[in-house]
Amino acid sequence: MSDAAIKHVDRDIEKHSTGMRRKLFTTNHKVIGALYLCFALMMFFVGGAMAMIIRAELFSPGVQYIEPNVFNSVTNLHALVMVFGVVSPAIVGFANWLLPMMIGAPNMALPKINALSFWILPIAFLFVFLEQLSPLAGGAGNLSIYPLTVLQGDKGSLYIFIAIYLLCLSYLASAINISLTILYARTKGMGLLDMPMFAWTWLITAFLLIAAIPVLLGFVTVLMADIFYGTSFFGEPSPGISAQFSNVFWFFGHPEVYILILPTFGIISQVIPTFTRRPLFGYVSMVFAAAAIAILSYLVWLHHMFMIGRPQGESLLVMYATMLIAVPIGLKVFNWLATMWHSEMTFEAPMLFAIAFLMLFTIGGCSGLLLGMVPVDFQYKHTYFVVAHFHYVLVSGAIFALMAGVYYWLPKWTGYMYDEKLARLHFWLSIISVNLLFFPQHFLGFAGMPRRVPDYSTQFSEWNALSSIGGFAFGITQLLLLWTVLKCVLGKGQRAAPQVWEGARGLEWTLPSPPSHDSFKSQSQ
Amino acid sequence: MLPLVAMADYELNLSRGVMSVKQEIYDLHLLAFILVSGIGLIVFGLMIWSIIYHRKSRVDGEPHFHRDRKSEAIWTIIPIIILLSFVAPATRVLIFQESSPQEAEMTIKVTGYQWRWHYQYEEEAFGFFSSLAPEHDAARQKDSNIDVSSIENYLLEVDNPLVVPINTRIQFIYTSNDVIHAWWVPGLGVKHNAVPGFVNIGWTNISEPGIYRGQCAELCGRDHAFMPVVVKAVTQSEFNKWLTMKKHEQSETGFENK
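Those protein sequences? They're chains R and F, same order as listed. For the first sequence, counting from 1, position 90 maps to 90 in our numbering; every step adds exactly one. Numbering-wise, our numbering comes out as the position in the second sequence, counting from 1, plus 1000.
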């Protein structure tokens, strides 16, 4: 179909359908972005409910509410939902809503593919939940630890495999779409180094996705053949190869971590300059730092599996590469700090969340540095210290940055200013409860509590109880986020001006709030 | 809910351990912990200073800078120097940790099963299974109505502990019968994966008699949380006595543990 024909069909759908139909079948980047974000918000509460179940079971020693195998399934599902159902759709949603407006494009480069990649998501998660309902459900762990999955004879895992195929398809399509949009749909005169930082981090993330997702697809295919067709890629007759499974898994798994965090770095790089009223310090080096992080992320997958027994030279090299990642990340943190230095800061909700991100991400980075040292890593690995580390990076890191982004662009998206008092209450309750939730877990790890256990020795009781209280508080606090967002969406509150924030710069702020359905209609290349 | 009495013997940190390698790991952990805490404090300090003094309501008229190659170079090079101070001792400890002694005086094969351990004393051609102690197993069942805080070392007790002599170079050979497990004793600084069809090697030399407790540290299915490790280190003469008794016991019952 030619371009003109595609445009024609698009316009047809837009013209002849009204209300919900128009919203659901649209190829408009703003509506798809909103759909992605709604989906992520919904799944945030689904995944959060699972976390509540986990913390309830761990509140005190003994098995109280759920059987150990159910506990394993819930933990597994919590991770899957939070990674692929919350953070990933949220960052894709931000990209959809914002990238075309930021670079002056009328829509994403591939609008139909865009709609498709969204609609695959709910179907994929339908399969994820079907797996849980299946009597064959496994609970082999979110890492699908081999040969655990095969030995448990997880025929029910077929659903998970279908779900992972669909998720891969969706995110691969999104990544291609986003990279094409950034590379080819920029407005006239906007060079690569004139782009907002968010576009840069997404461009790098898109390339990470394009390289990492096929690895996931590949090993899931092989695993499926092993389970359903009796092949032995990873299994009999030489089961020692199960160690190879871990290799392939983490070759995908480690870059995936940076896929989740890089776009949120981009959000922080948009928020901090606005509320400091200063341009981002060291823009070019920020770009290079993000690229360096992406490249290094492919060299360090082994640090997830030191215990499996690797040659010494290999362990040493991976340790050095792992520690090296601290340099570009440190550069980013210091550049954000330098942006704040001698600036004119104000502390609206987005800035509060950005500052919390900076502080708590630094804690996560420091524990990551400890984990990178092989000899001590042997003692930290598979303990609650690791749980504390990645939750500091992903919850008070990625999720906090996403919240900063939501408050920052919510007035632009809905046309109504959010309730600043509610947002600040949400911030203060969140930051207190998130630390109460995860900080004690560092000590639990040091004291020797293994992760992924439904029950523990009585010496760990106090910190677990404290952590659970923090967990419940954090969970309930998020209802404030839902309420604040709903108020804006329903049009309660003050109307927002085009330039919502005094210090905001960028093309999206030149558009009215909310922007019209087709902004930057005539694209100029 | 929070019995303060129990806080008295509370551990907040890695156990110090009794083996020299564990000592090295502990020192490295402490060094790294102090260093990262320092880094954290500097970053937090700068941030809080900036939050207090560089707000819009009290602009100080300082010239703002947004591009300064010199300062960027400084905060690239300083972290590299700090990292080197981590890397050097970490490299030394890793090489020390993995260097096996010239000759093992004793070899124990540790095999992971879902969900218990099997210990085989290679030189003695003698071995046995070690599972969660029965009373613990009863208490951990859902709806057991047993108060777990009344049980000593809840979930960290086995029916047959691994007994080893002190001051002996012991080599462990790890493997698994089904899925990947991990044999972890924090007090000895030993943690290795037991991988099916694959042999992993670790070693220890315990200097102080005592009981060292640990757990499986790799998700291995339903009862992953319920396969503890208990190592009892005794003097050589006590060990010999135990070995004779245990062997006799096994030949009496005719129970062949394999």
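Please note that a few of the clues may not be correct.
Stated by the list, open to error - Some chain F residues well away from chain R (every beta-carbon gap over 12 Å; in silico):
no.	residue
1	E1103
2	F1226
3	K1247
What the hints assert, rightly or not - Have a look at the derived ranges for each label pair, beta carbon to beta carbon:
no.	chain 1	residue 1	chain 2	residue 2	range
4	F	I1052	R	L511	48 to 54 Å
5	R	L183	F	I1042	37 to 43 Å
6	F	S1037	R	P122	27 to 33 Å
7	F	S1237	R	G230	36 to 42 Å
8	F	P1089	R	Q494	37 to 43 Å
9	R	A49	F	I1051	49 to 55 Å
10	F	P1089	R	A473	58 to 64 Å
11	F	E1135	R	A49	52 to 58 Å
12	F	E1135	R	P122	54 to 60 Å
13	R	P514	F	P1089	45 to 51 Å
14	F	D1068	R	F233	49 to 55 Å
Since the hints were made in silico from the structure, they are not lab data. The beta carbon of each residue, even a glycine, is placed where N, CA and C say it ideally should be.
Now for the hints, and whether the structure bears them out:
1. E1103: 20 Å, holds
2. F1226: 7 Å, violated
3. K1247: 31 Å, holds
4. F:I1052 to R:L511: 48 to 54 Å: With a Cβ separation near 36 Å, I1052 (chain F) and L511 (chain R) fall outside 48 to 54 Å, so the hint is violated.
5. R:L183 to F:I1042: 37 to 43 Å: Since the Cβ atoms of L183 (chain R) and I1042 (chain F) sit about 39 Å apart, the hinted range of 37 to 43 Å holds.
6. F:S1037 to R:P122: 27 to 33 Å: Violated, since S1037 (chain F) and P122 (chain R) (Cβ atoms, about 45 Å apart) do not stay within the stated range.
7. F:S1237 to R:G230: 36 to 42 Å: Violated, since S1237 (chain F) and G230 (chain R) (Cβ atoms, about 54 Å apart) do not stay within the stated range.
8. F:P1089 to R:Q494: 37 to 43 Å: 58 Å, violated
9. R:A49 to F:I1051: 49 to 55 Å: 35 Å, violated
10. F:P1089 to R:A473: 58 to 64 Å: 40 Å, violated
11. F:E1135 to R:A49: 52 to 58 Å: Once the Cβ atoms are compared, 35 Å apart, the range 52 to 58 Å for A49 (chain R) and E1135 (chain F) is violated.
12. F:E1135 to R:P122: 54 to 60 Å: Given a distance of about 48 Å, which is not inside 54 to 60 Å, the answer is violated.
13. R:P514 to F:P1089: 45 to 51 Å: Given about 56 Å between the Cβ atoms, the range is violated.
14. F:D1068 to R:F233: 49 to 55 Å: 53 Å, holds
The structure fails to meet hints 2, 4, 6, 7, 8, 9, 10, 11, 12 and 13 from the earlier list, while all remaining hints are met.
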